[in-house]
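Asker: Numbering follows the numbering used here, with no gaps: position 59 of the sequence shown is 191.
Because the hints were derived from the structure by calculation, they are not lab data.
Any given hint could turn out to be false.
Unchecked claim - Here are the simulated distance ranges between beta carbons: (1) L182 to T303: 41 to 47 angstroms; (2) L154 to L310: 45 to 51 angstroms; (3) E286 to A306: 15 to 21 angstroms; (4) Y323 to R149: 35 to 41 angstroms; (5) E171 to Y323: 19 to 25 angstroms.
Note that the structure is predicted; figures quoted are calculated from it, not measured.
Heads up, the beta-carbon is just placed ideally off N, CA and C, and yes, glycines get one too.
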Amino acid sequence: MDIAEIWLVEDNPVFTRAVIALVDEVADMVCTRSFEACEPALQELRDGELPDLVLMDIGMPGMDGISGVAEVKSIAPSLPVVMLTVHQDNDKIFQAICSGASGYMLKSSPKDALISGIRTVLGGGAAMDGQIARRGLQMFASMSTPQTSYGLSEREKEILQHLVQGKSKKTIAADLFLSPHTIDSHLRNIYAKLHVHNRSGAIAKALKERLV
Numbered sequence: 133m134d135i136a137e138i139w140l141v142e143d144n145p146v147f148t149r150a151v152i153a154l155v156d157e158v159a160d161m162v163c164t165r166s167f168e169a170c171e172p173a174l175q176e177l178r179d180g181e182l183p184d185l186v187l188m189d190i191g192m193p194g195m196d197g198i199s200g201v202a203e204v205k206s207i208a209p210s211l212p213v214v215m216l217t218v219h220q221d222n223d224k225i226f227q228a229i230c231s232g233a234s235g236y237m238l239k240s241s242p243k244d245a246l247i248s249g250i251r252t253v254l255g256g257g258a259a260m261d262g263q264i265a266r267r268g269l270q271m272f273a274s275m276s277t278p279q280t281s282y283g284l285s286e287r288e289k290e291i292l293q294h295l296v297q298g299k300s301k302k303t304i305a306a307d308l309f310l311s312p313h314t315i316d317s318h319l320r321n322i323y324a325k326l327h328v329h330n331r332s333g334a335i336a337k338a339l340k341e342r343l344v
């Protein structure tokens with residue numbers, strides 16, 4: 133029987149111990165690593181370590197979990213990430229999904245629901261807490277068509293499209309035959325025009341307002 137290796141990124145030690153114990157009770161999965169912040173987990177991925185699934189909190193010191201998901205996907209695009217959080221507000225749900233999360237589960241979810249969600253994602257599906265699913269449907273139903281292009285140039289729209297596809301800055305530069313420095317300059321302009329501060333915010337706004 134294949135054993136699925138799970139990583140946990142969570143800064144609450146009590147909850148960390150509870151999740152590790154829960155996962156390790158299951159015969160076909162094990163929590164092999166836990167991290168108190170995104171940065172060390174991302175470094176392990178860059179060094180070549182690769183689990184089968186990552187459970188990710190949102191509110192953490194340093195890089196937040198939503199930005200962390202985007203970084204995980206830029207390093208290992210096929211690695212599934214499930215948000216495990218207390219946050220239920222629409223913006224965080226939307227940003228997490230747009231950043232590439234394969235699931236969004238509440239920390240208050242029943243234990244069997246959490247394990248079921250992990251299994252679903254490991255099987256190639258998407259997992260979402262029932263309350264979150266309802267909010268998500270309401271949120272997407274309320275989306276409207278874009279009211280402005282934000283003054284993006286054709287090149288900026290092209291780069292934004294690559295961002296939405298989950299590509300790293302290095303890959304975008306190679307695809308468009310531009311230098312990484314030029315891509316950085318375009319990204320700064322895109323963020324300023326969209327009134328966002330990072331990659332996740334740009335992706336979320338692009339999808340929500342159908343800019344690409």
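Asker: Which numbered hints turn out to be false for this structure?
Answerer: 1
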